[in-house]
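Trainee: Chains as they are written, first to last, in this note's numbering: chain A, 1 to 114; chain B, 1001 to 1116.
Some hints here could point you the wrong way.
Derived DEER-like restraints, expressed as beta-carbon distance ranges [claimed, not checked]: (1) B:Ala1081 / A:Glu59: 23 to 33 Å; (2) B:Ala1081 / A:Glu53: 46 to 56 Å; (3) A:Val114 / B:Ala1001: 13 to 23 Å; (4) B:Pro1041 / A:Thr5: 17 to 27 Å.
Since the hints were made in silico from the structure, they are not lab data.
Think of the CB as a built atom: it goes at the ideal place given N, C-alpha and C, for glycine as much as any other residue.
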Amino acid sequence: EPEVTQTPSHQVTQMGQEVILRCVPISNHLYFYWYRQILGQKVEFLVSFYNNEISEKSEIFDDQFSVERPDGSNFTLKIRSTKLEDSAMYFCASSEEAGNTEAFFGQGTRLTVV
Amino acid sequence: AQKVTQAQTEISVVEKEDVTLDCVYETRDTTYYLFWYKQPPSGELVFLIRRNSFDEQNEISGRYSWNFQKSTSSFNFTITASQVVDSAVYFCALSERETSGSRLTFGEGTQLTVNP
């Protein structure tokens, strides 16, 4: 069964460093998303991406964040200068269509900023 | 603005009991979509069901059933004859419209613990 894959599963980084989280969405999906979940809290939307551009972003997704689809398969989230409060589980998701279809989530990348 | 409320933070039941997880939502749109996701201890998010705002039929899938009531803006989830493997955090989520890249707004989640 096709699935969304994320790498790495766990990343530890020092405050102020740049990190890139990687995702391979399901191949025939057109919409891509990043969500984050701070430990013990709810899942929060960061950004959605369609047709090689951001279609929607939340207030969390400030100038420190960027997304890219560098080739036909990968979808990345970059955090330019990490802060302690960026520590969270980051989920990538993809869907065939927009909000009316289910989004399939990857297993997540746990980011720890020290 | 869209909002999802799951008032039950934690529920603990004994195996074989039935349990209902509540979800109340707020939206101004007439077209919207409701979802339930399961997050087991391993951490991934597993899709369970999607329901659109025009379809108020209840749905049953094995031991799972969902009750959608627009009049009370609720989309409740019932597990019949619960099992230990049902222990997880369950999230209700809402998506508005069919516009490009519609975000999912999640509730706070309900931690369900099923004890043997």
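Trainee: Going through the numbered hints above, which ones does this structure break? Give me the numbers in ascending order.
Mentor: 1 and 3
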